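Undergrad: Chain residues, written in single-letter form:
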Amino acid sequence: MGDTDLLYLYGGGFEAFLCACAEARSRGARRPLVESADRSDGWLMETMTVPPDPDQARLLAGRLARAGGAATIREVCRCFLAETPGAESALAAFILLTLERGRCVLGMRQDPAVREVRELAQRVGFEAHRLCGLLRFSELGDGTLYARCGPDHNVLLPLAAHFQARLTREQWVIHDVNRGVAVLWDGAELLPATAPQSGDVPLSAGEETFRQLWRRFTRSISVTERANPALQRKLMPRRYWTHLVERPEG
Amino acid sequence: MDAAFPAIHHAQDTEAKLAVLAEAAKYDVSCVSSGTSGKRDGTTVGNAALGGICHSWSADGRCISLLKVLLSNDCVYDCAYCANRRSNSIPRATFTVGELAALTLGFYRRNYIEGLFLSSAIFSTPDRTMEALVRVAETLRVDHGFGGYIHLKGIPGADPALVARAGLAADRLSVNIELPSGASLGCLAPQKKREAILAPMRQICEGARESKAERERHRKAPLFAPAGQSTQLVVGASPEPDLQILRLTEALYRRFELRRVFYSAYVPVNEDNRLPVPTAAPPMLREHRLYQADWLLRFYGFSVDELLDESLPNLDESLDPKTSWALRHPEQFPVEVNTAAYETLLRIPGIGVKSARRIIAARRHGRLYHADLKVLGVVVKRAGHFVLCGGKHAAEGGWNPLRARELLTAPSRRAPSQPGQPFQLELF
Numbered sequence: 127m128g129d130t131d132l133l134y135l136y137g138g139g140f141e142a143f144l145c146a147c148a149e150a151r152s153r154g155a156r157r158p159l160v161e162s163a164d165r166s167d168g169w170l171m172e173t174m175t176v177p178p179d180p181d182q183a184r185l186l187a188g189r190l191a192r193a194g195g196a197a198t199i200r201e202v203c204r205c206f207l208a209e210t211p212g213a214e215s216a217l218a219a220f221i222l223l224t225l226e227r228g229r230c231v232l233g234m235r236q237d238p239a240v241r242e243v244r245e246l247a248q249r250v251g252f253e254a255h256r257l258c259g260l261l262r263f264s265e266l267g268d269g270t271l272y273a274r275c276g277p278d279h280n281v282l283l284p285l286a287a288h289f290q291a292r293l294t295r296e297q298w299v300i301h302d303v304n305r306g307v308a309v310l311w312d313g314a315e316l317l318p319a320t321a322p323q324s325g326d327v328p329l330s331a332g333e334e335t336f337r338q339l340w341r342r343f344t345r346s347i348s349v350t351e352r353a354n355p356a357l358q359r360k361l362m363p364r365r366y367w368t369h370l371v372e373r374p375e376g
Numbered sequence: 010m011d012a013a014f015p016a017i018h019h020a021q022d023t024e025a026k027l028a029v030l031a032e033a034a035k036y037d038v039s040c041v042s043s044g045t046s047g048k049r050d051g052t053t054v055g056n057a058a059l060g061g062i063c064h065s066w067s068a069d070g071r072c073i074s075l076l077k078v079l080l081s082n083d084c085v086y087d088c089a090y091c092a093n094r095r096s097n098s099i100p101r102a103t104f105t106v107g108e109l110a111a112l113t114l115g116f117y118r119r120n121y122i123e124g125l126f127l128s129s130a131i132f133s134t135p136d137r138t139m140e141a142l143v144r145v146a147e148t149l150r151v152d153h154g155f156g157g158y159i160h161l162k163g164i165p166g167a168d169p170a171l172v173a174r175a176g177l178a179a180d181r182l183s184v185n186i187e188l189p190s191g192a193s194l195g196c197l198a199p200q201k202k203r204e205a206i207l208a209p210m211r212q213i214c215e216g217a218r219e220s221k222a223e224r225e226r227h228r229k230a231p232l233f234a235p236a237g238q239s240t241q242l243v244v245g246a247s248p249e250p251d252l253q254i255l256r257l258t259e260a261l262y263r264r265f266e267l268r269r270v271f272y273s274a275y276v277p278v279n280e281d282n283r284l285p286v287p288t289a290a291p292p293m294l295r296e297h298r299l300y301q302a303d304w305l306l307r308f309y310g311f312s313v314d315e316l317l318d319e320s321l322p323n324l325d326e327s328l329d330p331k332t333s334w335a336l337r338h339p340e341q342f343p344v345e346v347n348t349a350a351y352e353t354l355l356r357i358p359g360i361g362v363k364s365a366r367r368i369i370a371a372r373r374h375g376r377l378y379h380a381d382l383k384v385l386g387v388v389v390k391r392a393g394h395f396v397l398c399g400g401k402h403a404a405e406g407g408w409n410p411l412r413a414r415e416l417l418t419a420p421s422r423r424a425p426s427q428p429g430q431p432f433q434l435e436l437f
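Going down the list, the sequences are from chains A and B. Each residue of the first sequence is one higher than the one before, starting from 127 at the first, in my numbering. Each residue of the second sequence is one higher than the one before, starting from 10 at the first, in my numbering.
Watch out, some of these pointers could steer you wrong.
What the hints assert, rightly or not - Here are some of the chain B residues that sit facing chain A, going by a computed Cβ distance under 8 Å: (1) T23; (2) A28; (3) N56; (4) L59; (5) I62; (6) C63; (7) S65; (8) D69; (9) N120; (10) P291; (11) M293; (12) L294; (13) R367; (14) A370; (15) H374; (16) G375.
Unchecked claim - Here chain B is said to cover these stretches of chain A; the calculated rule only asks that three of the stretch's residues, wherever they fall, bring their Cβ under 8 Å from a Cβ of chain B: (17) 229-235; (18) 261-272; (19) 365-373.
The hints are simulated quantities; they were obtained by calculation from the structure and are not laboratory data. Keep in mind the model is a prediction, meaning the values are calculated, not measured. From the three backbone atoms N, C-alpha and C, an ideal C-beta is built for every residue, glycine too.
Chain A extracted, bound-state conformation:
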């Protein structure tokens, strides 16, 4: 699949990945094989581990932004946040192709790498959007709003951006229990936070009242003559029900 026998390993996050792409490009590769160092088992292949270098990464990002525009940057970030094993090679190919041909690569869906990147980016964007709706905050004793989620993809930052704009003056925490990471907004800054992975949290006095009212509302608003649990499940898959307040199953 790759056009060299070299497997580029990057240790770390997005920055390291961009360095791996830059390295592949400098060696003339167009469809390099790229994998994360801690996930790789490419011991059959010749590998090259690329260390993270902030300056190199910034340079490549700048070139990519100029060549592909904001839309490309958004697709690249989203695709990376998908955290799908094996997608890095397609993403690297997409980046190198864009550096060569520019923005129009976004429309080149005949190319399997472009297609994979666009599909993953779309999935991430869609999950972020869905969770903007499905996330449920609980008011804690001290007035902080706390929400848990278990997304397939790493959508914590897009979620945080949404709520920064919406609940600017509040203090809230969003906790990805699948990945064990959380962010806190204190009204001014976004900070990393820690939160208990499971179990109850100390709720405010009025919290249970609002939960009960919401459950009543969602039951009352349904038109029983049009009952369609299959459609409900299709639009709101079961795996998102864990952290809801209302009970879709009835």
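Based on the hints, put chain B in the right spot on chain A.
TA: For chain B alone, kept in the frame of chain A given last:
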């Protein structure tokens, strides 16, 4: 933090009211929270999302985006089709402004909703009712700095000054036409006069237009219903054919610049000799076809006259309206996807707005073949009959309208439909 937001003081009372007044509002199908974005001036909590956000889905498969309730269900009118009509004996309730504010803000902060959808039965007079609705919206905006979505109903017959205030506080306004003709209105809802419905719609249209123009000159000019106006038509409670419903829809979009027309399959809640005898299930397939036709009017460049006429006044239940049109116009096909204009691509069954755009973007990089169409999101089962790729048709014999019709209307392709079973519905 808690002191800034109103609390619920009598939880059990409020819960009982919520159950009654949410149930009373459920037949108003408008649920969208789209049409406007960003922050209003004076907001301390909240903003609006341009495309709207669905927060949950109810057991009927519909999106829950707003706290949708009546302010009161204690109605003085007696419309034949309405569950809240005066002559029904049902529990009656009325919210206080404080309760509604507490519910809206409490739900909003917890991210249960995008905002409030507030309608009401007519208690005492249209003016009193409209004033009460406006007061709730103004309290939320001014006293609580609420920046989320507010959808207010316009009460037919209300004073224009009240409608004007409503437009300044709400994001979207709607006045429900419900019945698609003056004759049906007169028969089933005689207290709602046609002019009383159209006057506020006209006023909202003008108000929104003026505000938009004003804001282009002065950025801080006040917002008036920035998410525009919508309405609802009940399908199946009265004898009008789809042609009449869609002609009315088209006129509403063109003359009143409505953002959306909603269709609500008639659900029999009352027994009344002016209404059709209740059958096994509400006409949901018909409602679905109307929505598909509505999409064709708004996004696909169709006019009603192309879809229906006096000799064909109702949409085909077994086929989507675009496919039905295409089979009646075989002279328009097949279409070469590598060269056709966007407007032409849109008219191919199985090709939607997204796939038409993708086709145009992809063909810049080289010629498209039939195998490429599926990955571009084209529904090949339908489109395959109607297109050429590089001059070639997918089938051996080439374009064959009769075979296309046969295959597209074959019963084995239809999802099994038992009487009384609701159809699983999706839009394009």
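Undergrad: Each hint needs a verdict: does it hold in this structure or not?
TA: Results of checking the hints against the structure:
1. The interface hint given for T23/B holds, since its Cβ lies 7 Å from the closest Cβ of chain A, which is under the 8 Å cut-off.
2. Satisfaction of the interface hint for A28/B is found here, the shortest Cβ-Cβ separation to chain A being roughly 5 Å, below the 8 Å cut-off.
3. About 5 Å separates the beta-carbon of N56/B from the nearest beta-carbon of chain A, less than 8 Å, and the hint is met.
4. Residue-level restraint check for L59/B is violated (minimum Cβ-Cβ distance to chain A is 12 Å; threshold 8 Å).
5. Proximity of I62/B to chain A holds as hinted, the smallest CB-CB distance being about 4 Å (cut-off 8 Å).
6. With a cut of 8 Å, the hint placing C63/B at the interface with chain A holds, because the nearest CB-to-CB distance is about 5 Å.
7. Evaluation of the S65/B hint against chain A yields a held restraint, the C-beta minimum of about 6 Å falling below 8 Å.
8. With a cut of 8 Å, the hint placing D69/B at the interface with chain A holds, because the nearest CB-to-CB distance is about 4 Å.
9. Given the 8 Å rule on beta carbons, the hint for N120/B holds: about 5 Å separates it from the nearest Cβ of chain A.
10. Taking 8 Å as the C-beta contact cut-off toward chain A, the hint placing P291/B at the interface holds, the least distance being around 6 Å.
11. Here the hint on M293/B is kept, as its CB sits about 7 Å from the closest CB of chain A, short of 8 Å.
12. Residue-level restraint check for L294/B is violated (minimum Cβ-Cβ distance to chain A is 12 Å; threshold 8 Å).
13. Look at R367/B: its Cβ gets to within about 6 Å of chain A, closer than 8 Å, so that hint holds up.
14. For A370/B, the shortest C-beta to C-beta distance to chain A is roughly 3 Å, which falls under 8 Å, so the interface hint holds.
15. Taken as an interface hint, H374/B checks out: its beta carbon lies about 5 Å from the nearest beta carbon of chain A, inside 8 Å.
16. Satisfaction of the interface hint for G375/B is found here, the shortest Cβ-Cβ separation to chain A being roughly 7 Å, below the 8 Å cut-off.
17. With 5 residues bearing a CB less than 8 Å from a CB of chain B, the region 229-235 of chain A meets the requirement of three and the coverage assertion stands.
18. Three residues within the 8 Å Cβ limit are the bar, and the region 261-272 of chain A against chain B gives 9, so the coverage statement holds.
19. Counting residues of the region 365-373 of chain A whose beta carbon lies closer than 8 Å to any beta carbon of chain B gives 3, which meets the minimum of three for the stated coverage.
Checked against the numbered hints above, the structure breaks hints 4, 12 and satisfies the rest.
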